[in-house]
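**Student:** Chains as they are written, first to last, in my numbering: chain Y, 1 to 324; chain R, 1 to 324; chain E, 1 to 324.
In case anyone wonders, no lab produced these hints; they're calculated from the structure. Among these hints, one or two may not hold up.
[What the hints assert, rightly or not] With a Cα cut of at most 25 Å, we get these calculated SDA-like pairs of lysine to any residue:
#1 R:K267 x R:P291
#2 R:K237 x E:K260
#3 E:K237 x Y:T97
#4 Y:K237 x R:K237
#5 R:K260 x R:R296
#6 Y:K237 x R:T97
#7 E:K260 x Y:K260
#8 Y:K237 x R:L99
#9 Y:K260 x R:Q35
#10 R:K267 x R:E207
#11 R:K260 x E:I87
#12 E:K237 x Y:K237
[As the list claims (entries may be wrong)] Residues of chain E clear of chain R, computed beta-carbon distances all greater than 12 Å:
#13 A132
#14 G209
#15 R239
#16 R261
[What the hints assert, rightly or not] One-sided excerpt, in silico: chain Y residues whose CB lies under 8 Å from chain R:
#17 R36
#18 I41
#19 R44
#20 P45
#21 Q49
#22 E72
#23 M277
#24 R279
Since this is a predicted model, take the numbers as computed values, not measurements. Here a beta-carbon is modelled for each residue, glycine too, at the ideal position from N, C-alpha and C.
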Amino acid sequence: MSPLNQFDPQGRLRHLITLEGLTPDHILDLLDRAQRHVRPIHERPATGQSLAGLTVANIFTEPSTRTRASFELAARRLGADVLNLEIMLSSRAKGETVLDTIHTLQAMSTDIFVIRDAQPGVCRLVADHVAAHVSVLSAGEAHLSHPTQGLLDALTIRQRKGGFETLTLAIVGDVRHSRVARSAYQVFSALGVGELRIVAPAALMPELGEMPLARRFDSIEAGIAQADVVMMLRIQKERMVQAAIPDADDYFIRWGLTAKRLTLAKKDALVMHPGPMNREVEIASEVADGPQSVIRQQVTNGVAVRMALLETVIAHRTLRQGPV
Amino acid sequence: MSPLNQFDPQGRLRHLITLEGLTPDHILDLLDRAQRHVRPIHERPATGQSLAGLTVANIFTEPSTRTRASFELAARRLGADVLNLEIMLSSRAKGETVLDTIHTLQAMSTDIFVIRDAQPGVCRLVADHVAAHVSVLSAGEAHLSHPTQGLLDALTIRQRKGGFETLTLAIVGDVRHSRVARSAYQVFSALGVGELRIVAPAALMPELGEMPLARRFDSIEAGIAQADVVMMLRIQKERMVQAAIPDADDYFIRWGLTAKRLTLAKKDALVMHPGPMNREVEIASEVADGPQSVIRQQVTNGVAVRMALLETVIAHRTLRQGPV
Amino acid sequence: MSPLNQFDPQGRLRHLITLEGLTPDHILDLLDRAQRHVRPIHERPATGQSLAGLTVANIFTEPSTRTRASFELAARRLGADVLNLEIMLSSRAKGETVLDTIHTLQAMSTDIFVIRDAQPGVCRLVADHVAAHVSVLSAGEAHLSHPTQGLLDALTIRQRKGGFETLTLAIVGDVRHSRVARSAYQVFSALGVGELRIVAPAALMPELGEMPLARRFDSIEAGIAQADVVMMLRIQKERMVQAAIPDADDYFIRWGLTAKRLTLAKKDALVMHPGPMNREVEIASEVADGPQSVIRQQVTNGVAVRMALLETVIAHRTLRQGPV
């Protein structure tokens, strides 16, 4: 497979399937644009008409209320028509191939495909086959990539810390199976974070070749010591077994972010979580709801980042075609 | 638990989870406002932009095509973005708590939560935890409350009868398990209906302390005699067993509203039903479709009442925050 | 049953449940109007506000992502509110009848019902009972009728061939169980196509009395010889058994449209398929994706045809009632 090209011939962002290959400028442009869409939640949200007359197809083959809702609201607040489709792209339901489904929706004038799929490669496959004016945005791909999550994480940190160069950032939990961790690694590597740590039981660490710039820690205490940001990951039951941790209670004892453990990080360290949280498993409620938590701000930023992304890939289209 | 406060510090309606505690003025204001949204169905429905830029999350954990559609149309006809979510608030799907789901949606700038849940207390729990600008509207809560149904019932009666003071109103059927009956009791008690009757087999009567102002009848013939309004309730199979009624045919014989029985009520008595109807079980088709039936008008009024309610709780918000 | 009348007292189209009974003028008016909505897919699609303030209820009781999406986009691009409902009209879920569900939605000011149902007669039943201002559009009814598919097929052929009179059109595959074939037969008979052929294994031919104007062929080679248009139909596994064809591979060998077979048709013959395709079963991929295929254009035309149809039946309404 040739390397994935997410840019159009003029070098403008067209797809977003992975954060790999994005320059700091690309990322910072998206963050700047997203920041303009952030509002306090008690105000009416930012809206616009830059996607009026365009159609966004939200294709979710894994259940994800929150990410689907976030993309849906982002698109609708910019005036787009949104189709919500729960179809199995990676299966051949009724004998139709992935690409037939996509071509059908494209033939109905779908302009942007937002795709979440549990199988690696589906986003890429679609991006390789859609027409030149169509964009593909990943809403989470297998364990590989969740690029809008990486962007919203970066936006959240920049809002609170101003920049990245001097920060120590710890990603804690099931790093091995986490698309959130992979996208975080990519975005923070690109942005030149001071120190990037991955903190996990040995069995939940990624392969040795992966995430080469990260320092590895096999204890949460050491891993979050003096950190500026602690990003907790969601743990699934079946992964505990892999790590020889008998149950959720035990996971919490060994790996949960408690208020006591959090004191090991810097005093003003941020606590993040991509949600949905397993309270009292990977994170204590008093931490999730405490003053250092920016978990809800992450959600708010998620909508803003997705609005910025939709506008960016559509700007590509508008420029390519002249005014429409 | 402290008593539920559905009003903001200035005394304006913010949530609607129960009709208990609403004054006649509150109710009549809502009915007046709703009346302005009622149109003959062959005209284009009333629309507006008072909710433009706002987001309504429709969270239905019990299937209810009609109530969901009614809230959805009400919100969209006022310009709101509507998110339809089928999630189990009362379960801990994926380990996430009710309140995490709500806080996530709130962080995406959801302004109004419309919630139907089979478990008592979920609406209240949510209302106790949302931000000050957010409203919670019940779309039906367990057997306890269905406040917009109570309001649409009152609107329908006022349209046909002009007022409530002189009316005899009979609620017939499974009163014990009915949120419709409880909300009807609350609204008609508040509005000072002349006589309120509950008419049910003994086993389907509410506890003795409940609905203290209602007269109790254990025969439909006596219960609807000279009534101005006959409100039939939906009966479920499993409740017949409780009432020692062997089957639907037998229920119809003993408790069904037939044309013959209806002659016992006043000549111009209204026939109501919250839907969906079990025809030839609790109500004969010739009655449901007959000249005294206002069942379809109830549905039309339902949209108008929900529009009025959405505008009312948003007026609260707009006033609190100044123009937006 | 009296014959279905799809026209209002002034002779204007009100419902579309079957193409039977439509004159060439009716059909050509719809095609002309649809043609005005066709855009290249890289342009913003045609939009308008002719359905603003109106409500379209999309009631699909068979899964059909593509047809539902097509109607939904058509309606929304004309400014309508769209309710998507997945309810079993032909069952009595919760004891409610089909007509109660319809009357409930009508009482909420639904103006147009788009219905797909596996049971014959549901569309007709609904059309017979809705109020005079309401329209019913079939989105596929059992094996009987799929009128918007027939219209989009006609539009596609007219775009490429200019007219119908001199054309030889072959419909190939499971004609017996196909609503697509029946609606094609109706539209092309009405439009006076030169020669209409149905090409199928004997067991998948319609009864002898059906489609009297069509020539019957029991071999694909003879059936598509010198044809101007080859319309392939979707085959279902259970139908192969009926035709004594052991499996999909065997079906492809005997009945699949291969590149080699296609050379029997005219050199510029069009290849059509209603989708979703079973690739390498009824059609070879190289044909489906080849230069003679207009399969994607059919999908694009589908949205345009549905927009034209919605506008047409609403024009009926607007005229009847004066400006609204």
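**Student:** Take the hints in turn and mark each one as holding or not.
**Tutor:** Each hint, compared with the structure:
Only pairs whose Cα atoms come within 25 Å are accepted, and R:K267 paired with R:P291 is accepted, the gap being roughly 11 Å. Taking the CA atoms of R:K237 and E:K260, the gap is about 62 Å. The hint is violated against a cut of 25 Å. Restraint check for E:K237 and Y:T97: the C-alpha separation of about 17 Å stays at or below 25 Å, so the hint holds. For a cut-off of 25 Å, the pair hint linking Y:K237 to R:K237 is broken: about 40 Å separates their Cα positions.
Only pairs whose Cα atoms come within 25 Å are accepted, and R:K260 paired with R:R296 is accepted, the gap being roughly 22 Å. About 17 Å separates the Cα atoms of Y:K237 and R:T97, which keeps this hinted pair within 25 Å; it holds. The suggested pairing of E:K260 with Y:K260 is violated, with an alpha-carbon distance near 74 Å, which exceeds 25 Å. Note on Y:K237 and R:L99: the hinted pairing holds, with a Cα-Cα distance of about 22 Å set against a maximum of 25 Å.
The suggested pairing of Y:K260 with R:Q35 is violated, with an alpha-carbon distance near 58 Å, which exceeds 25 Å. For the given pair, R:K267 sits about 32 Å from R:E207 by alpha-carbon distance, which is inconsistent with the 25 Å threshold. Proposed proximity of R:K260 and E:I87 is contradicted: the alpha carbons are some 34 Å apart, above 25 Å. Restraint check for E:K237 and Y:K237: the C-alpha separation of about 40 Å exceeds 25 Å, so the hint is violated.
A cut-off of 12 Å between C-beta atoms contradicts the statement that E:A132 is not in contact with chain R; the least separation is 7 Å. Once the 12 Å rule is applied to beta carbons, E:G209 is consistent with being away from chain R; the minimum gap is 38 Å. Once the 12 Å rule is applied to beta carbons, E:R239 is consistent with being away from chain R; the minimum gap is 33 Å. The Cβ of E:R261 sits about 47 Å from the closest Cβ of chain R, beyond the 12 Å cut-off, so the non-interface label holds.
Given hint, Y:R36 at the interface with chain R, is violated; its Cβ is 15 Å from that chain's nearest Cβ, farther than 8 Å. At its closest, the beta carbon of Y:I41 sits 5 Å from a beta carbon of chain R; the interface hint therefore holds under the 8 Å criterion. Here the hint on Y:R44 is kept, as its CB sits about 4 Å from the closest CB of chain R, short of 8 Å. The beta carbon of Y:P45 is positioned within 8 Å of a beta carbon in chain R (closest approach about 4 Å), and the interface hint is therefore held.
For Y:Q49, the interface hint is violated, the least distance from its beta-carbon to any beta-carbon of chain R being 12 Å, above 8 Å. Among the interface hints, the one on Y:E72 holds; its C-beta lies about 7 Å from the nearest C-beta in chain R, closer than the 8 Å criterion. For Y:M277, the shortest C-beta to C-beta distance to chain R is roughly 6 Å, which falls under 8 Å, so the interface hint holds. Restraint check, Y:R279 versus chain R: the minimum CB separation of about 7 Å is within 8 Å; hint holds.
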